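J.: Sequence:
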Amino acid sequence: MKKYLVLLFTATLLFSGCKQEPIEVGPAVSIQEAADSEKINESKGEEVEAADFKKIFDDAAKKSQDEDNVTITAEVKTIVSPDERSETYTGGSTIIEAEQNSVNKTKILKAFSDEKKEMNFSFSNQYDEATEQQNGFYSGDVSAYYDGENLFLDSKNEKGEAEKYQIKLTYDEVMQMTNNYSITVYEESVEQAKKETDALGNMKYIGKLNKEKFESIMAENLLKGGMQAKMEVNFANVIYKVDPEGRLVEYTFYLDASIDSGDIKNPYIYSVNCMYDSFGITKTTPIEDPDSYMTEEEYMEKTQAEEGSSEETTEGGN
Numbered sequence: 001m002k003k004y005l006v007l008l009f010t011a012t013l014l015f016s017g018c019k020q021e022p023i024e025v026g027p028a029v030s031i032q033e034a035a036d037s038e039k040i041n042e043s044k045g046e047e048v049e050a051a052d053f054k055k056i057f058d059d060a061a062k063k064s065q066d067e068d069n070v071t072i073t074a075e076v077k078t079i080v081s082p083d084e085r086s087e088t089y090t091g092g093s094t095i096i097e098a099e100q101n102s103v104n105k106t107k108i109l110k111a112f113s114d115e116k117k118e119m120n121f122s123f124s125n126q127y128d129e130a131t132e133q134q135n136g137f138y139s140g141d142v143s144a145y146y147d148g149e150n151l152f153l154d155s156k157n158e159k160g161e162a163e164k165y166q167i168k169l170t171y172d173e174v175m176q177m178t179n180n181y182s183i184t185v186y187e188e189s190v191e192q193a194k195k196e197t198d199a200l201g202n203m204k205y206i207g208k209l210n211k212e213k214f215e216s217i218m219a220e221n222l223l224k225g226g227m228q229a230k231m232e233v234n235f236a237n238v239i240y241k242v243d244p245e246g247r248l249v250e251y252t253f254y255l256d257a258s259i260d261s262g263d264i265k266n267p268y269i270y271s272v273n274c275m276y277d278s279f280g281i282t283k284t285t286p287i288e289d290p291d292s293y294m295t296e297e298e299y300m301e302k303t304q305a306e307e308g309s310s311e312e313t314t315e316g317g318n
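The working numbering numbers the first residue of the sequence shown as 1 and each following residue consecutively.
Bear in mind the hints are in silico, worked out from the structure with no lab data behind them.
Just so you know, these numbers come straight off a predicted model, no measurement behind them.
One or more hints might be untrue.
What the hints assert, rightly or not - DSBU-like cross-link-like pairs, simulated, lysine-lysine; straight-line CA separation at most 35 Å: (1) 211 to 224; (2) 283 to 117; (3) 211 to 63; (4) 164 to 283; (5) 62 to 195; (6) 55 to 224; (7) 211 to 62; (8) 55 to 241; (9) 62 to 194; (10) 195 to 230; (11) 116 to 156.
Given the sequences, and given the hints that come with them, work out the whole structure.
T.: Here you go:
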């Protein structure tokens, strides 16, 4: 039963939801820097070995993720442009007639104490019309609250009706479900890295990825995702910032590439911006009426009753 609701929650993050406050994500300058193919050459920072670039990132990310009180915001953007077709194209591959854009935002408020572990979540998925029509997605927002034992979710069903239900989950299960962004550094793909330090002791690490090695990594990922295609990378950069306490405060990844399926090539832009801030001052807001949220058993009974009613209506119509 829990597995069913977990799958439902995951689908809700992708497709629908309830309106919440707009999620504000990191400064645009970070994306602009990462989108500069010459950023590593323009930097006057000191050289850093690839192994150190990864280790410093891993240690800083873990330190921020392990914080008991922190605000996490993330934004993932994808742009897929219309295809460039080869002269031998026979119509076997999916055609993208218009540019497809998607923006997925996440905000997590985490406030843990000895007495209670609380978190608030907000998720925003925005798709352009072409993406919605071709993939069946539609824009929406979702909110959730975790009290240390149960995740309380506000969502909408397929009819657009508001639904409220709760799922009993561990903290690790919640974080696995809600992490719809990925921040990673692949040591083997780092071609060159530099470190810049500001007057306050904050450190910015800039990494240029090797195109061929990153293409190899992405080829494996595409294959695992069931895509019979390869990626041609124009350039890819990773920029992250670490505060004087050794905590990750910002991560930005930018990929400029094309997805090549043999007879069709789609220009592809992908970026991730993630920020950790408000350490020690983050406040959560509990839900007002937890008893109004359906339990797992109540939700399943409601779903089964609706399915039975739908089947009877169909049979009666025949």
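J.: Each hint needs a verdict: does it hold in this structure or not?
T.: How the hints compare with the structure:
Taking the CA atoms of residue 211 and residue 224, the gap is about 20 Å. The hint holds against a cut of 35 Å. Proposed proximity of residue 283 and residue 117 is supported: the alpha carbons are some 12 Å apart, at most 35 Å. For the suggested pair residue 211 and residue 63, the alpha carbons sit about 30 Å apart, so the restraint of at most 35 Å is met. At most 35 Å may separate the alpha-carbon atoms for a hinted pair to count; residue 164 and residue 283 meet this at roughly 23 Å.
A hinted pair counts as satisfied when its Cα atoms are at most 35 Å apart, and residue 62 with residue 195 qualifies at roughly 20 Å. Annotation: proposed proximity of residue 55 to residue 224 holds, straight-line Cα distance about 26 Å (limit 35 Å). Using a Cα cut-off of 35 Å, the hinted pair residue 211 and residue 62 holds, with the two alpha carbons roughly 27 Å apart. Restraint check for residue 55 and residue 241: the C-alpha separation of about 13 Å stays at or below 35 Å, so the hint holds.
Distance check on the hinted pair: residue 62 and residue 194 sit about 21 Å apart at the alpha-carbon level, within 35 Å; holds. About 32 Å separates the Cα atoms of residue 195 and residue 230, which keeps this hinted pair within 35 Å; it holds. Our distance criterion of 35 Å between C-alpha atoms is met by residue 116 and residue 156, whose separation comes to about 29 Å.
Consistency with the previously given hints is maintained throughout, with no hint failing.
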